[in-house]
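S.K.: Each chain, letter by letter, is given below.
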Amino acid sequence: MKVLMSGNEAIARGMYEAGIRFAAAYPGTPSTEILEEFAKYDGVYAEWSPNEKVALEVAIGAALAGEKAVAVMKHVGVNVAADPLFTVSYTGINGALVIISADDPSLHSSQNEQDNRNYAKFAKIPMLEPADAQEAKEFIKLAFTISEKFDTPVFLRSTTRVSHSKSVVSLEEPIPYIDKTAITYNTTKYVMVPANARIRRVAVEKRTLALKTFANSFPENKLEINNPDVGIITAGMPYNYAKDVFPDYSYLKLGMVYPLPEKLIREFAAKVKKIYVIEELDQFLEEQIKAMGISVIGKEIFPYTNEFDPGIIQNAINNQNKATDLPVKSIPPRPPNLCPGCPHRGLFYTLNKLKLFVTGDIGCYTLSFMKPLEGLHSCICMGASIGMAHGMSKALKEKGKGKIVGVIGDSTFIHSGITPLLNMAYNKSNAVIIICDNSTTAMTGMQEHPATGYTLLGEKTKQLDLKVLVSALGIDNIRVVDPYDLKNTRAVIKEELAKDGPSVVISQRPCVLFKRAKLKAQKPLQVDPEKCTGCKVCLGLGCPPISWKKMEKKEGSKREGVSVIDENLCNGCGLCLQVCKFEAIK
Amino acid sequence: MGKEVKSILLAGVGGQGILRASDIMCMAFMEAGLDVKKSEVHGMAQRGGCVTSHVRYGHKVYSPLAQLGSIDLLVSFEKMESLRYLNYLTKDATIIVTTDEIYPPAVNMGDAPYPEDIISVLKKNFKLVKEIDATDLAKKAGNVKAANVVLLGAVSGYLDIKQPVWESVIEKSFPEKLVKVNLASFQMGRSA
Ligand SMILES: Cc1ncc(C[n+]2csc(CCOP(=O)(O)OP(=O)(O)O)c2C)c(N)n1
Chain A
254 MKVLMSGNEA
264 IARGMYEAGI
274 RFAAAYPGTP
284 STEILEEFAK
294 YDGVYAEWSP
304 NEKVALEVAI
314 GAALAGEKAV
324 AVMKHVGVNV
334 AADPLFTVSY
344 TGINGALVII
354 SADDPSLHSS
364 QNEQDNRNYA
374 KFAKIPMLEP
384 ADAQEAKEFI
394 KLAFTISEKF
404 DTPVFLRSTT
414 RVSHSKSVVS
424 LEEPIPYIDK
434 TAITYNTTKY
444 VMVPANARIR
454 RVAVEKRTLA
464 LKTFANSFPE
474 NKLEINNPDV
484 GIITAGMPYN
494 YAKDVFPDYS
504 YLKLGMVYPL
514 PEKLIREFAA
524 KVKKIYVIEE
534 LDQFLEEQIK
544 AMGISVIGKE
554 IFPYTNEFDP
564 GIIQNAINNQ
574 NKATDLPVKS
584 IPPRPPNLCP
594 GCPHRGLFYT
604 LNKLKLFVTG
614 DIGCYTLSFM
624 KPLEGLHSCI
634 CMGASIGMAH
644 GMSKALKEKG
654 KGKIVGVIGD
664 STFIHSGITP
674 LLNMAYNKSN
684 AVIIICDNST
694 TAMTGMQEHP
704 ATGYTLLGEK
714 TKQLDLKVLV
724 SALGIDNIRV
734 VDPYDLKNTR
744 AVIKEELAKD
754 GPSVVISQRP
764 CVLFKRAKLK
774 AQKPLQVDPE
784 KCTGCKVCLG
794 LGCPPISWKK
804 MEKKEGSKRE
814 GVSVIDENLC
824 NGCGLCLQVC
834 KFEAIK
Chain B
2 MGKEVKSILL
12 AGVGGQGILR
22 ASDIMCMAFM
32 EAGLDVKKSE
42 VHGMAQRGGC
52 VTSHVRYGHK
62 VYSPLAQLGS
72 IDLLVSFEKM
82 ESLRYLNYLT
92 KDATIIVTTD
102 EIYPPAVNMG
112 DAPYPEDIIS
122 VLKKNFKLVK
132 EIDATDLAKK
142 AGNVKAANVV
152 LLGAVSGYLD
162 IKQPVWESVI
172 EKSFPEKLVK
182 VNLASFQMGR
192 SA
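Respectively, the protein sequence lines represent chains A and B. Count along the first sequence starting at 1, add 253, and that's the number in our numbering. Count along the second sequence starting at 1, add 1, and that's the number in our numbering.
Hints are not guaranteed to be accurate.
Pairwise CB distance ranges (calculated) [said to hold, decoys possible]:
#: 1; chain 1: A; residue 1: Leu360; chain 2: B; residue 2: Ile120; range: 30 to 36 Å
#: 2; chain 1: B; residue 1: Ser121; chain 2: A; residue 2: Asn571; range: 32 to 38 Å
#: 3; chain 1: A; residue 1: His630; chain 2: B; residue 2: Ser192; range: 51 to 57 Å
#: 4; chain 1: B; residue 1: Lys4; chain 2: A; residue 2: Pro472; range: 24 to 30 Å
#: 5; chain 1: A; residue 1: Val256; chain 2: B; residue 2: Gly70; range: 30 to 36 Å
#: 6; chain 1: B; residue 1: Ala33; chain 2: A; residue 2: Tyr294; range: 26 to 32 Å
#: 7; chain 1: A; residue 1: Asn469; chain 2: B; residue 2: Ile120; range: 57 to 63 Å
#: 8; chain 1: B; residue 1: Gly70; chain 2: A; residue 2: Ser810; range: 47 to 53 Å
#: 9; chain 1: A; residue 1: Gln831; chain 2: B; residue 2: Ser192; range: 46 to 52 Å
#: 10; chain 1: A; residue 1: Gly698; chain 2: B; residue 2: Ala33; range: 29 to 35 Å
#: 11; chain 1: A; residue 1: Val455; chain 2: B; residue 2: Gly70; range: 52 to 58 Å
#: 12; chain 1: A; residue 1: Lys803; chain 2: B; residue 2: Ala33; range: 48 to 54 Å
Not close to chain B: a few residues of chain A, all C-beta gaps over 10 Å, as computed [what the hints assert, rightly or not]:
#: 13; residue: Lys419
#: 14; residue: Val581
#: 15; residue: Cys785
#: 16; residue: Leu830
Only pairs whose alpha carbons sit at most 30 Å apart, straight line, appear in this in silico DSS-like list of lysine-lysine [to be verified]:
#: 17; chain 1: A; residue 1: Lys768; chain 2: B; residue 2: Lys178
#: 18; chain 1: B; residue 1: Lys92; chain 2: A; residue 2: Lys582
#: 19; chain 1: A; residue 1: Lys720; chain 2: A; residue 2: Lys789
#: 20; chain 1: B; residue 1: Lys124; chain 2: A; residue 2: Lys802
#: 21; chain 1: A; residue 1: Lys394; chain 2: A; residue 2: Lys293
#: 22; chain 1: A; residue 1: Lys606; chain 2: A; residue 2: Lys656
#: 23; chain 1: A; residue 1: Lys575; chain 2: B; residue 2: Lys128
#: 24; chain 1: A; residue 1: Lys293; chain 2: B; residue 2: Lys146
#: 25; chain 1: A; residue 1: Lys839; chain 2: A; residue 2: Lys811
#: 26; chain 1: B; residue 1: Lys181; chain 2: A; residue 2: Lys582
#: 27; chain 1: B; residue 1: Lys140; chain 2: A; residue 2: Lys773
#: 28; chain 1: A; residue 1: Lys652; chain 2: A; residue 2: Lys608
#: 29; chain 1: A; residue 1: Lys803; chain 2: A; residue 2: Lys606
#: 30; chain 1: B; residue 1: Lys146; chain 2: A; residue 2: Lys776
#: 31; chain 1: B; residue 1: Lys146; chain 2: A; residue 2: Lys802
#: 32; chain 1: A; residue 1: Lys374; chain 2: A; residue 2: Lys475
#: 33; chain 1: A; residue 1: Lys255; chain 2: B; residue 2: Lys7
#: 34; chain 1: A; residue 1: Lys647; chain 2: A; residue 2: Lys606
#: 35; chain 1: A; residue 1: Lys293; chain 2: A; residue 2: Lys715
#: 36; chain 1: B; residue 1: Lys131; chain 2: B; residue 2: Lys80
#: 37; chain 1: A; residue 1: Lys575; chain 2: B; residue 2: Lys7
#: 38; chain 1: A; residue 1: Lys803; chain 2: B; residue 2: Lys125
#: 39; chain 1: A; residue 1: Lys524; chain 2: B; residue 2: Lys4
#: 40; chain 1: B; residue 1: Lys4; chain 2: A; residue 2: Lys575
Think of the hints as simulated: they come from the structure by calculation, not from any bench. The structure presented is a predicted model; accordingly, all values stated were derived computationally and were not measured. Glycine included, each C-beta is placed from N, C-alpha and C at the ideal position.
Chain A extracted, bound-state conformation (with noise of 0.2 Å):
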């Protein structure tokens, strides 16, 4: 049977396809709907961990007890689980272990652009690199057989583009589950003491020799020998757009992007005059290629930095430009915007009237860095948000006194918040954290995590007490408000501003866009255009469906307009209506 499937979406049929019935994950864009797709399918163990770390550790367990385990997580999701990679490489795996590791070229939902088949080499993992919905399908089960035969765990690379694409997919019949789970002991493998590891660490090194020579022979190493004065090396989606626009080239398309098939690399550069790599983001072909004595065009022609369409290669290698200009100039921005009704709106609304350094996290709130919110002032990473401003009012000493915020979503606050917020209890912090309690994962969709009582499987489970953890952390203020309330939030925030010492504030309520919370529609808002002054108070909510509306000035009259309500989208969250000063709002 043909369907139609996006990448990840046959990532977990192919999962499931292949016997795969354990999976653990941190969500992550382009990723998160791989393990969302798997937990549909019948008997599978599908589990939310509270990081990356901890689901590639979940995954290691499972392996290590004889199953089949993939751990799965956007690019930057490896940084997290960076440090029992590098030592799982080491071990190897008693069942099967599979890292998905979804990169964004273009950073379209990222803060950074980080090419992760570094990490293959890095760590040294043999690495596919399938190039769309089909082969991801396919080759999640080779990464399967590679980890059995080699005794190693193997990443499977997708990009935004392979993950996020939809294409034909031809269905097979999955193949039965086999439990050959048992506990058995291993502890010259598994301890990872000095004297155990350095033998483990030639183990590797021999296993990479082996992966070397398969490499000549993976069937997903593919020559195709058209027109010999032109080769094209490639792998992953730029091969399609490749393919797109010069379909007569020669092409050698690498399934595995680690390690490489050098053999297989000579004999084309043997049958081809001249070769281009193609590549997104770094030059991690090209430099291995050109150190094996190659020679090859890379990215003396080729961008670094974002992802490839077809055009970008044509232009590239025809040295043209064809780009045509758009006929209207100025079109005014479309970024993404909190939601009405959204519970952040009211939160940094007030943190920038109070004029504070906001260190921010990654998360919806993120957004409200822009105008007019502007309510947070730094991102780096996950969990980020404590730990800088613990650094900042300890560097700033009395000049930061009751200036320093940081501000931290609830998934974003169990993933990496904990142990930074220990830390300022431990070393006597005088900033204030702010967890934006929304009750859910929202930037990546709605996930479930250990606060909300939930599991991926949609089981009920022990519900994680925020103020209880935080107050076993250390902290002794601990503050809660409703971000819809925002004279109190303000009172809240300036009172344990003015405090001695490490408080938090959870600001409390639920997503908008939540399914469990029986959210009550309030009736919409209204402006009365009579008592309107048109000051724009309202406007500094930058929420969507408020807009201003031109009129002609009247004779003695100062005002220019009117701010309107668009009844369609307005949820009534009555915050406008607070910051209204002429009561103009109903």
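Using the hints provided, position chain B with the ligand relative to the given structure of chain A.
M.R.: Only chain B with the ligand this time, still in chain A's reference frame:
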């Protein structure tokens, strides 16, 4: 069709049902026996930001992304968004554009005007521009939310896929209670 691959761009704003519409379109191409790929960006863009979906079809499609200057058909689910991607179109491209307007933040705040005479700019640069009030037609068909399917109906007039194929795909794409209103919306768009 011959060896060539054709490209369609669907553009609009997060929450307008663009991804659903492009899914339906792809399934229709599949049922019509063609190869098809589509590409879009999720995530950040869904919070009211720009959303685009490239759909490419033919006997064999490699790239799910079209290059600049190569798209044959633009379907714009919001009026102003049509302007943003004109450099992706071929000179003879067809444009289907809704008259629906959704203001971006800068317009809401009075910092920038919503572009005027969008349709005349489109008409000055392209021969075939079809305007359609998708939300109004969807309302008439019985559900404002089906504006995306109204636009699909409008596009269907420019594609070589038979009506029963569209209908069967729409039937499979919605829960039973929504099939009727979506078929009606499709028809509204098709005859508009
Ligand atoms: C290491 C890492 N993993 C995952 C992500 C993707 N990601 C960005 S924000 C976020 C969670 C946001 O949830 P929360 O903190 O609750 O804030 P909300 O979006 O709900 O406001 C995730 C998973 C990331 N950027 N970095």
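S.K.: So, for every hint listed, does it hold in this structure?
M.R.: Hints, one by one, checked against the model:
Here the CB-CB span from Leu360/A to Ile120/B is close to 34 Å, well matched to the stated 30 to 36 Å. At roughly 36 Å, the beta-carbon separation of Ser121/B and Asn571/A lies within the given 32 to 38 Å, and the hint holds. Against the hinted window of 51 to 57 Å, the Cβ-Cβ separation of His630/A and Ser192/B comes to about 54 Å, which satisfies the hint. The given range of 24 to 30 Å is respected by Lys4/B and Pro472/A, whose C-beta atoms sit roughly 27 Å from each other.
Here the CB-CB span from Val256/A to Gly70/B is close to 32 Å, well matched to the stated 30 to 36 Å. The given range of 26 to 32 Å is respected by Ala33/B and Tyr294/A, whose C-beta atoms sit roughly 30 Å from each other. Between Asn469/A and Ile120/B the beta carbons are some 59 Å apart, a value that agrees with the proposed interval 57 to 63 Å. The given range of 47 to 53 Å is respected by Gly70/B and Ser810/A, whose C-beta atoms sit roughly 51 Å from each other.
In this structure the hint that Gln831/A and Ser192/B lie 46 to 52 Å apart at CB holds, the actual value being about 48 Å. For Gly698/A and Ala33/B, the hinted distance range of 29 to 35 Å is satisfied, since their beta carbons lie about 32 Å from each other. A hinted range of 52 to 58 Å for the beta carbons of Val455/A and Gly70/B is consistent with their spacing of about 55 Å. Restraint check, Lys803/A to Ala33/B: a C-beta distance of roughly 49 Å satisfies the suggested window 48 to 54 Å.
The non-interface label for Lys419/A is inconsistent with chain B: the shortest C-beta to C-beta separation is roughly 5 Å, within 10 Å. Remark: the non-interface label on Val581/A conflicts with the geometry, its nearest Cβ contact in chain B lying 5 Å away (cut-off 10 Å). Every Cβ of chain B is farther than 10 Å from the Cβ of Cys785/A; the closest lies at roughly 13 Å, confirming the non-interface assignment. Every C-beta of chain B lies more than 10 Å from that of Leu830/A, the closest at about 18 Å, which supports listing it as non-interface.
The hinted pair formed by Lys768/A and Lys178/B meets the criterion: a straight-line CA distance of about 21 Å does not exceed 30 Å. A threshold of 30 Å between alpha carbons decides the hint, and for Lys92/B with Lys582/A the separation of about 18 Å falls inside it, so the pair holds. Restraint check: the Cα-Cα separation between Lys720/A and Lys789/A comes to about 38 Å, which exceeds 30 Å; the hinted pair is violated. Only pairs whose Cα atoms come within 30 Å are accepted, and Lys124/B paired with Lys802/A is accepted, the gap being roughly 28 Å.
For the proposed pair Lys394/A and Lys293/A, the alpha carbon gap of about 19 Å is at most 30 Å, so the pair holds. Between Lys606/A and Lys656/A the CA atoms are separated by roughly 12 Å; this keeps the pair inside 30 Å, and the hint holds. A distance of roughly 22 Å separates the Cα atoms of Lys575/A and Lys128/B; the hinted pair therefore holds under the 30 Å criterion. For the given pair, Lys293/A sits about 27 Å from Lys146/B by alpha-carbon distance, which is consistent with the 30 Å threshold.
The straight-line distance between the Cα atoms of Lys839/A and Lys811/A is roughly 23 Å, inside the 30 Å bound, and the hint therefore holds. As the CA atoms of Lys181/B and Lys582/A are separated by approximately 42 Å, the hinted pair breaks the 30 Å bound. Between Lys140/B and Lys773/A the CA atoms are separated by roughly 25 Å; this keeps the pair inside 30 Å, and the hint holds. With a C-alpha separation of about 14 Å, the suggested pair Lys652/A and Lys608/A falls inside the 30 Å cut-off, and the hint holds.
Proposed proximity of Lys803/A and Lys606/A is supported: the alpha carbons are some 26 Å apart, at most 30 Å. At roughly 20 Å between alpha-carbon atoms, Lys146/B and Lys776/A fall within 30 Å of each other, so this suggested pair holds. Taking the CA atoms of Lys146/B and Lys802/A, the gap is near 26 Å; set against the 30 Å cutoff, the hint holds. Of the supplied pair hints, the one linking Lys374/A and Lys475/A holds, its CA atoms being roughly 21 Å apart against a limit of 30 Å.
With a CA separation close to 21 Å, the supplied pair Lys255/A and Lys7/B stays within the 30 Å bound. Distance restraint check for Lys647/A and Lys606/A: the Cα-Cα separation of roughly 24 Å lies within the 30 Å cut-off, and the hinted pair is therefore satisfied. In summary, the hint linking Lys293/A to Lys715/A is supported, as the alpha carbons are separated by about 22 Å, within the 30 Å threshold. Our distance criterion of 30 Å between C-alpha atoms is met by Lys131/B and Lys80/B, whose separation comes to about 12 Å.
Annotation: proposed proximity of Lys575/A to Lys7/B holds, straight-line Cα distance about 19 Å (limit 30 Å). Of the supplied pair hints, the one linking Lys803/A and Lys125/B holds, its CA atoms being roughly 29 Å apart against a limit of 30 Å. This hinted pair checks out: Lys524/A and Lys4/B have alpha carbons roughly 28 Å apart, not beyond 30 Å. Pair hint Lys4/B plus Lys575/A holds up; C-alpha atoms about 23 Å apart against a cutoff of 30 Å.
Going down the numbered hints, you'll see the structure goes against 13, 14, 19, 26, while the others check out.
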